[in-house]
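Protein chains in written order, with this note's numbering: chain A, 1 to 493; chain B, 494 to 835.
Please keep in mind that the hints were generated in silico from the structure rather than gathered at the bench.
Any given hint might turn out to be false.
Stated by the list, open to error - Cβ-Cβ distance ranges computed for the label pairs, FRET-style:
1) A/F103 - B/K495: 52 to 58 Å
2) B/A526 - A/I443: 30 to 36 Å
3) B/E759 - A/A13: 54 to 60 Å
4) A/I122 - B/E500: 42 to 48 Å
To be verified - Pulled from the structure, derived: some chain A residues nowhere near chain B, Cβ distances all over 12 Å:
5) I50
6) F58
7) R76
8) Y95
9) G144
10) S174
11) W265
12) L269
13) A272
14) R282
15) N302
16) A307
17) L339
18) P383
19) L387
Please read these numbers as outputs of a predicted model, since none were measured by experiment.
Glycine included, C-beta positions come from ideal geometry on N, C-alpha and C.
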Amino acid sequence: MLFNSGVFLQFFAAFLLFYWLVRNHLRARNVLVLGASYLFYGWWDWRFLILLFFSSSFDFVVGLSLGQLTDPRQRRWVLCASIVVNLVILGFFKYYNFFLASFVELFGRLQLPFLPGTLVIILPVGISFYTFQSMSYAIDVYRGQLQPTRNFINFLSYVSFFPQLVAGPIERASHLLPQFEKTVSITRPMLEEGVWLMLWGLFKKVVVADNLAPLADLAFGQSSHTAASVALGTLAFAFQIYGDFSGYSDIARGSARVLGFDIMWNFDLPYAARNLRDFWRRWHISLSTWLRDYLYISLGGNRRGPARTYVNLALTMGLGGLWHGAAWNFVVWGLWHGLGLCLQRAWHVHRARVATPPAPLTSAPTPTLTHTLNLTPTPTLRPMLRLLSWLATLLFVLYGWLLFRANSWHHIQSMTRACFHWSAPVWASSFALTLAAFSTPLILMELWQVRRRDRLVSLTLPPRWRGLLQGALLCGILLFWEKKQLAFIYFQF
Amino acid sequence: MKSHRCEFAPSEILPTLGWPLLVVGAFVLGLHAAIRFHAVPAPRPALDTERTILLHQADAAGKSPPGLPGGRPSLLLLGDSSCLTDVSARQLSDALGQPVLNLGTFSFLDLNAHARLVEEFVRHHGAVPAAVVLLMHPEALRRLDGEPFYMEALTDYLAGRDHCQTETWWENMECWLGLEAWRGRVLARCLPVPLAGAYGKRFGFNRDLERFLDAEHGSVVDPELQPLTGSKEYRLAPGLERASARFRAAVPRGTKLLAGITPVAESLAPRSFKSQRDEMLQRWGQWLHADGLLATLPAQWPDDQFARSTHLRESAVSDYTKILARALRDQFEQRAAAKGGL
Numbered sequence: 001m002l003f004n005s006g007v008f009l010q011f012f013a014a015f016l017l018f019y020w021l022v023r024n025h026l027r028a029r030n031v032l033v034l035g036a037s038y039l040f041y042g043w044w045d046w047r048f049l050i051l052l053f054f055s056s057s058f059d060f061v062v063g064l065s066l067g068q069l070t071d072p073r074q075r076r077w078v079l080c081a082s083i084v085v086n087l088v089i090l091g092f093f094k095y096y097n098f099f100l101a102s103f104v105e106l107f108g109r110l111q112l113p114f115l116p117g118t119l120v121i122i123l124p125v126g127i128s129f130y131t132f133q134s135m136s137y138a139i140d141v142y143r144g145q146l147q148p149t150r151n152f153i154n155f156l157s158y159v160s161f162f163p164q165l166v167a168g169p170i171e172r173a174s175h176l177l178p179q180f181e182k183t184v185s186i187t188r189p190m191l192e193e194g195v196w197l198m199l200w201g202l203f204k205k206v207v208v209a210d211n212l213a214p215l216a217d218l219a220f221g222q223s224s225h226t227a228a229s230v231a232l233g234t235l236a237f238a239f240q241i242y243g244d245f246s247g248y249s250d251i252a253r254g255s256a257r258v259l260g261f262d263i264m265w266n267f268d269l270p271y272a273a274r275n276l277r278d279f280w281r282r283w284h285i286s287l288s289t290w291l292r293d294y295l296y297i298s299l300g301g302n303r304r305g306p307a308r309t310y311v312n313l314a315l316t317m318g319l320g321g322l323w324h325g326a327a328w329n330f331v332v333w334g335l336w337h338g339l340g341l342c343l344q345r346a347w348h349v350h351r352a353r354v355a356t357p358p359a360p361l362t363s364a365p366t367p368t369l370t371h372t373l374n375l376t377p378t379p380t381l382r383p384m385l386r387l388l389s390w391l392a393t394l395l396f397v398l399y400g401w402l403l404f405r406a407n408s409w410h411h412i413q414s415m416t417r418a419c420f421h422w423s424a425p426v427w428a429s430s431f432a433l434t435l436a437a438f439s440t441p442l443i444l445m446e447l448w449q450v451r452r453r454d455r456l457v458s459l460t461l462p463p464r465w466r467g468l469l470q471g472a473l474l475c476g477i478l479l480f481w482e483k484k485q486l487a488f489i490y491f492q493f
Numbered sequence: 494m495k496s497h498r499c500e501f502a503p504s505e506i507l508p509t510l511g512w513p514l515l516v517v518g519a520f521v522l523g524l525h526a527a528i529r530f531h532a533v534p535a536p537r538p539a540l541d542t543e544r545t546i547l548l549h550q551a552d553a554a555g556k557s558p559p560g561l562p563g564g565r566p567s568l569l570l571l572g573d574s575s576c577l578t579d580v581s582a583r584q585l586s587d588a589l590g591q592p593v594l595n596l597g598t599f600s601f602l603d604l605n606a607h608a609r610l611v612e613e614f615v616r617h618h619g620a621v622p623a624a625v626v627l628l629m630h631p632e633a634l635r636r637l638d639g640e641p642f643y644m645e646a647l648t649d650y651l652a653g654r655d656h657c658q659t660e661t662w663w664e665n666m667e668c669w670l671g672l673e674a675w676r677g678r679v680l681a682r683c684l685p686v687p688l689a690g691a692y693g694k695r696f697g698f699n700r701d702l703e704r705f706l707d708a709e710h711g712s713v714v715d716p717e718l719q720p721l722t723g724s725k726e727y728r729l730a731p732g733l734e735r736a737s738a739r740f741r742a743a744v745p746r747g748t749k750l751l752a753g754i755t756p757v758a759e760s761l762a763p764r765s766f767k768s769q770r771d772e773m774l775q776r777w778g779q780w781l782h783a784d785g786l787l788a789t790l791p792a793q794w795p796d797d798q799f800a801r802s803t804h805l806r807e808s809a810v811s812d813y814t815k816i817l818a819r820a821l822r823d824q825f826e827q828r829a830a831a832k833g834g835l
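Produce the complete structure using the sequences and hints provided.
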């Protein structure tokens, strides 16, 4: 069931009615949420409800076991079982044919016979999200950061909560699970936030992302490329994927807010980032924090020396790329960001060393390297440096999107080479005009949010002006509402 | 334990929900008023490849004829998509030494639609073309009815009406809210629309496709290669006789009507297809009361000359156009010899 569909609107309206009817019964509410979430998920393919139920139930039992067991070895085995089961499920459905095809190609290049049969495997929607969410519960219980819940309904509801089930955010149990165990309050500000986020999220999806999708398809689908087509196509895709994914996340958070629940922000104006680390603190926050807390730190983080730190960074980002899809270009994209983060870290380490030179052996003052190199920016230089670092970050991220969106290694090569081929296709001006038209509302809103450092700055407007703005968004949504809905990009992850 | 507490009064949230709806209401009223008082342009919903071509051809026939070298077109090509893609009108113009305009469209428009285009041409130009050449593919001749969506799109466009579909409740809602009107009158005119699939790869946007159509005097090329599929049974559809008579009635007196059938791929041609094709052409020509039949056009061509079952590849268009030019020249010379020429 897509958020940008008439079916979902009817579903949500009906759900709100039943939600109001069960307002005096906590348990009934949770049963309602569970039932509605399973209906939401099963609308796509009811058979995969079994998988969702199995994954959730397994980790519920794991949580209970970890709560009972005291022997560290046994607890480790139980945790391993959870991780293995979840990763096997994920690995089979998502990566079986991918790795098989890769092995076939590798063996082919080595001229060794290897011709296994492939399986027709349907990728269950949202599997990457709910398996990670379920795993994080088990790991948090193991680490003693969370008490296991004994309420099966609550746990199933936490894993399958429909606003965030199929494309995140990947919620932590410590944040979402307690909300199922208590009475939630729905205040006017929450409702206003919820309505705003749902409208803005739908606008980003229906108006921005869905109208930029054909542009990205057009540019990336060319048989030959030019610098202009690569640049325009990459920009179109950058806005498309942001509008699509952040739009979904906003609708998820907004619909949860309307129900009185709080789920995390998944995006924080990522294209305003001035360095890569900042970017990953703003983009797909739930995944990046999950990878940091459960993968990077588990690998040792930065506690095992500089060389190992860089390896951990690269590995984490590479696997993060692989999480996005069963294709090598996603891995390359992840490694590209890993490389960028490593370089940024190395630069910071270098700067820190240079900025604090060792104490002089003589008493006579010596000019420090800081002064020599004038590393302290002047007030005039500071804005320019900020702009340059923002631009450098954006260009790095944009090239990453080229890697992400390209169809193959050959495609990446030809598009990269084309960046140095200074010409434009005949449709460049039409493309630029359409791109500008659909990205401008998004850019203006984000600039406003960045200036005010408030993602919900629109809620500070007087009611009439806010109503006008929301009305304009609603008009845009209606105008571009397609009969045939385009799925969210992250549904395929 | 309670599930949730609503810490607001219903009246508090009315502005949150009410204001956006008010704005939408004002927008809808404003749009309808703008349409009523002609404050927005006439509809031109060139929102996909098919409608872009269709509306371009309608404009070329009527209110916005392309500026052809040599002036007003004296020869019109009409027919299905095989007419649109198999013939280069520009090359034909050069070969015949007279301006040629290709008004070919699609097989999902019937002969009534083609007749409308002729009528539009006559109405807007105030003069009759010297000749109308009707080219159809055997696939199109065995079907009669066009697709209602495109038939209505053309009719509504020529009448200056918004093209609203009212099959589902949402489509009704779109019409009532004026959304289709907005898309067709404002959006389609303000923003270029990216074309899907192979047309997008080749032409980019609807405006770029229209520029190509202008430059090629209404012809286009099929940019895609698709497997050749179809049935080897060819026949004239029942009801084609009546439709042909209607088309003939649209062709003004003094204009020569010539009919031809575009080739099929060899693998899709039954044995002795040429004689079958000639028979079909004869009978169809009688129904049309055609002034001449282009019987020297090839009945079939090698498979590798086709982009798909009904369209030639771009590389084959030049050769086919030369053959068509020869056939037309023969017809004109015969007429000239019989009656003193065009």
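Each hint, compared with the structure:
{"no.": "1", "hint": "A/F103 - B/K495: 52 to 58 Å", "result": "56 Å, holds"}
{"no.": "2", "hint": "B/A526 - A/I443: 30 to 36 Å", "result": "32 Å, holds"}
{"no.": "3", "hint": "B/E759 - A/A13: 54 to 60 Å", "result": "59 Å, holds"}
{"no.": "4", "hint": "A/I122 - B/E500: 42 to 48 Å", "result": "44 Å, holds"}
{"no.": "5", "hint": "I50", "result": "28 Å, holds"}
{"no.": "6", "hint": "F58", "result": "28 Å, holds"}
{"no.": "7", "hint": "R76", "result": "37 Å, holds"}
{"no.": "8", "hint": "Y95", "result": "30 Å, holds"}
{"no.": "9", "hint": "G144", "result": "28 Å, holds"}
{"no.": "10", "hint": "S174", "result": "21 Å, holds"}
{"no.": "11", "hint": "W265", "result": "21 Å, holds"}
{"no.": "12", "hint": "L269", "result": "24 Å, holds"}
{"no.": "13", "hint": "A272", "result": "27 Å, holds"}
{"no.": "14", "hint": "R282", "result": "28 Å, holds"}
{"no.": "15", "hint": "N302", "result": "43 Å, holds"}
{"no.": "16", "hint": "A307", "result": "47 Å, holds"}
{"no.": "17", "hint": "L339", "result": "32 Å, holds"}
{"no.": "18", "hint": "P383", "result": "35 Å, holds"}
{"no.": "19", "hint": "L387", "result": "31 Å, holds"}
This entry satisfies every hint, going by the numbered hints stated previously.
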